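Residue numbers for the sequence shown follow this note's numbering, beginning at 7 and rising by one.
Derived from the structure by calculation, the hints contain no laboratory data.
It is possible that some hints are incorrect.
As the list claims (entries may be wrong) - For each label pair, taking beta carbons as the anchor points, the in silico distance ranges come out as:
(1) Ser685 - Asn612: 28 to 38 Å
(2) Glu576 - Arg605: 24 to 34 Å
(3) Asp541 - Lys410: 32 to 42 Å
(4) Glu757 - Thr663: 20 to 30 Å
(5) Tyr365 - Asp456: 40 to 50 Å
Unchecked claim - Capping the alpha-carbon separation at 27 Å, the derived lysine-lysine pairs in DSSO-like fashion look like this:
(6) Lys726 - Lys788
(7) Lys106 - Lys63
(8) Lys510 - Lys598
(9) Lys63 - Lys19
(10) Lys66 - Lys19
(11) Lys598 - Lys195
(12) Lys635 - Lys730
Owing to the predicted nature of the structure, the values given are computational and were not obtained by experimental measurement.
C-beta atoms are modelled at their ideal positions from N, C-alpha and C, and glycine is treated no differently.
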Amino acid sequence: MTVVIVESPAKAKTINKYLGKGFTVLASFGHIRDLPSKDGSVKPDDDFAMTWEVDPKSAKRMNDIADAIKTADRVILATDPDREGEAISWHVLEVLNKKKGLMKDKKVQRVTFNAITQAAVQTAMAAPRDIDMELVDAYLARRALDYLVGFTLSPVLWRKLPGARSAGRVQSVALKIVVDREIEIEKFKTEEYWTVDTEVSASSPPFNAKLFTVNGKRLGKFDLPNEAAAHAARDAIKATTFTITEVDQKPGKKSPPPPFTTSTLQQEAARKLGFSASRTMQTAQKLYEGVDIGGETTGLITYMRTDGVYVEPAAIGEMRKLIGERYGAPYVPESPRMYKAKAKNAQEAHEAIRPTSFYRRPETLRLEGDQARLYELIWKRTMASQMESARVEKTAIDLTSPDKQIGLRATGQVVTFDGYMAVYEEGRDESADDEDGGRLPMVKSGASVDVHKVEPDQHFTEPPARYSEATLVKKLEELGIGRPSTYASILTVLRDRAYVRMDKNRFIPEDKGRLVTAFLDQFFHRYVQYDFTADLEEKLDLVSDGKLDWKQLLRDFWVDFHAAAEGMTELRTTQVLDALNESLGPLIFPDKGDGSNPRACPSCANGLLSLKTSRFGAFIGCSNYPECKFTRPVGNPDAEGADGATGDKDLGEDPATGKMVSLKIGRFGPYVQLGEPESKEDKPKRSSLPKAWPPSTIDLDRALKLLSLPREVGIHPEDKTPIKAGLGRFGPFIETGGTYANLSNFDEIFEVGLNRAVDLIAEKRAGGGGKGGRGAAAAPLKELGTFGEGGDKISVMAGKYGPYIKCGKVNATLPKEMTPETVTLEQAIELINAKGGAAKKPAKKAAAKKAPAKAAAAKKPAAKAAAAKKPAAKAATAKKPAAKKAPAKKAAPKKATKTAEDA
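When you get a sec, could you build the whole thing from the sequences and use the hints?
Below is the structure:
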């Protein structure tokens, strides 16, 4: 028998059908282990040794895989055909090899296929290979780099810039791109300019022409800077006559775009379908893994993480045949089109994203929703890539005054053969210029011109557009930063860390994001430069090509990076803030235009404003604190009160109480308050602002809504208890009778109705939530046995701070040298004994009668007390009593750590 291991259960189910008898296909459910999220998982001092931890859920699946392998002759690792897929196969094999004797005499092979179709899978099975360790090395280097940067920079941020979340090797650079664009926009100075448009004819239908030359010279963009200049040009046009001096007609071609790569698919899906990068990839994953067609699951597209534009010859042949059948011979080019990727660091080994069969036309499949829309986009784009170019005719008509001092020009473009455009046209960014123009009438050179209208038009230059998901992915690809599989996660991390917000599908950096970028730019300048990050990507490619040793790459990086981080330890937080005050000055202390000091405190006479920090983040405060308590948000001077004295803002009176409702910017963030305290003991009602409602959006109506929380939705029809909606520590929720259920967003607090609330409560209870909103008890990772006759079960559990042993009410942390897979019952008993388990719960009634022993045990250390109770150990196992094992102190962790009880 042959065991085949893939990542996903959907993939396993499909492949199992293709392979039939003699094969068992099992899923690892993605990566089975990772570097633990704690310092020391990568050890630079030990030549970058890496400590891996198996995910508790994966441990059970790996046990199932191990059981299946016991009776197998051969193991085939069939994970995805990229670096991540190679890494997953390597991790699986590493874990299996650690299970003693399991892989002895087993033949292990690796196969990859670019599409989940029967032909592709069977072809791959006929050509197995070994794991590509060069690809694995590149993965290890990338993972180590990301870990070292994150776990070195983040603690520095926490200490020197409280409120900052974390920093990442690639995410920080992506954030810098967004922030740099925002700085461009802020520095941009709008300039006025004018154009003059005319409507003319020359024994022909009217057409439009623009003023092109003035005083015999071509008109520059800013040559008509104001209304007076534009009106003078208008009058000059009206005062003269024009003759057509040249009609230039040039045939041209528009070639189709190449088939999709990961980044171009994300860009086009964003432009045409409004999909986020993560939504695009999730939908593409489903199309790749397979959709039920006629009772059989079939993969509809090739692998969707690729930066290659190559398409295999057989697929090109199928496309050319179908193009001829559906559109006719003129739409089939003489020879197949070949494309080369333009992206920096592109790897050409992978195929482009394409349908697995072009005869599966979108209209013939019963796909729905996102899958239908994305599949149609991929099908049309790939088909168009092998079609004939569109033919266009570009026309320019010059109209000139008798003295040749004034000239007009009309331009147009006409499609004479649609070619690939019969199937597909590429979407454009909002900022793209429309160069096509329209169709122009037939006119002759030398013909006299009638001028019907002359209209000056005012314009203002616009700053560069903020990045959308599509344009940010395009920028990352152009710079060679990141890889196809990372783009979606990069954008998600920026949002999750609240470093950016989205407005009209555009990235806007939050103050927190700008501070982090300024900090890194100031103190780790080299490591957030675009070229440096792109150069690291090139070196990782060299590793995957076998041209660079991955540990040498890490050594070269770590020497300088570690030194830069160590240098920060000597800097005080005040020095960091002074540097940020300087670099962020134009943003947080803008020039008032009256010659006064922009940092002067508006509240007191001699205070200076400066960046301050709290555990909730940065804010602007006065140097005379606590005498002067003026505060305002970073980057928002308009948040000062009308009197400029307190940073507070009165929003209006509460109609119910007549008290003033105020917006206040405190040291722990913005909040709204009802009334003012009348005494020291009086505490007016307050409510913090949710992230969804920034201070600039708060008016009296919104403030009253916040102060009215929690809101009563209605009475539960069965429990007869009130259902309330509110904002808690973990976000918006509804609650009744001790059962809590989360709401999807903050606004739903004010919108959720009784029926919806009852359904959410019912779903929570059905899912094991019960009262208090707690979930059902977690399943143990491993059952080891019982503690004495009729005693409690001893289980290995997954905890917040790592695996632990559970026996009744006693929990004992599992030491680092033990794993859930290897820990034995005897070892577990020792750990329980060390926590006082034997003294707490006797194994037998006879043992309970030994009062003197028990009394003595109370005076002795827990380990000795446990050792004295030999009957309990004998009952637990037929082997040697627990007392003869290694001393409990050696088995238990030596240093103080959080235990499972803390979890």
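Do the hints match the structure? See the list:
no.: 1; hint: Ser685 - Asn612: 28 to 38 Å; in the structure: holds, 32 Å
no.: 2; hint: Glu576 - Arg605: 24 to 34 Å; in the structure: holds, 26 Å
no.: 3; hint: Asp541 - Lys410: 32 to 42 Å; in the structure: violated, 54 Å
no.: 4; hint: Glu757 - Thr663: 20 to 30 Å; in the structure: holds, 25 Å
no.: 5; hint: Tyr365 - Asp456: 40 to 50 Å; in the structure: violated, 57 Å
no.: 6; hint: Lys726 - Lys788; in the structure: violated, 42 Å
no.: 7; hint: Lys106 - Lys63; in the structure: holds, 21 Å
no.: 8; hint: Lys510 - Lys598; in the structure: violated, 30 Å
no.: 9; hint: Lys63 - Lys19; in the structure: holds, 20 Å
no.: 10; hint: Lys66 - Lys19; in the structure: holds, 19 Å
no.: 11; hint: Lys598 - Lys195; in the structure: holds, 17 Å
no.: 12; hint: Lys635 - Lys730; in the structure: violated, 36 Å
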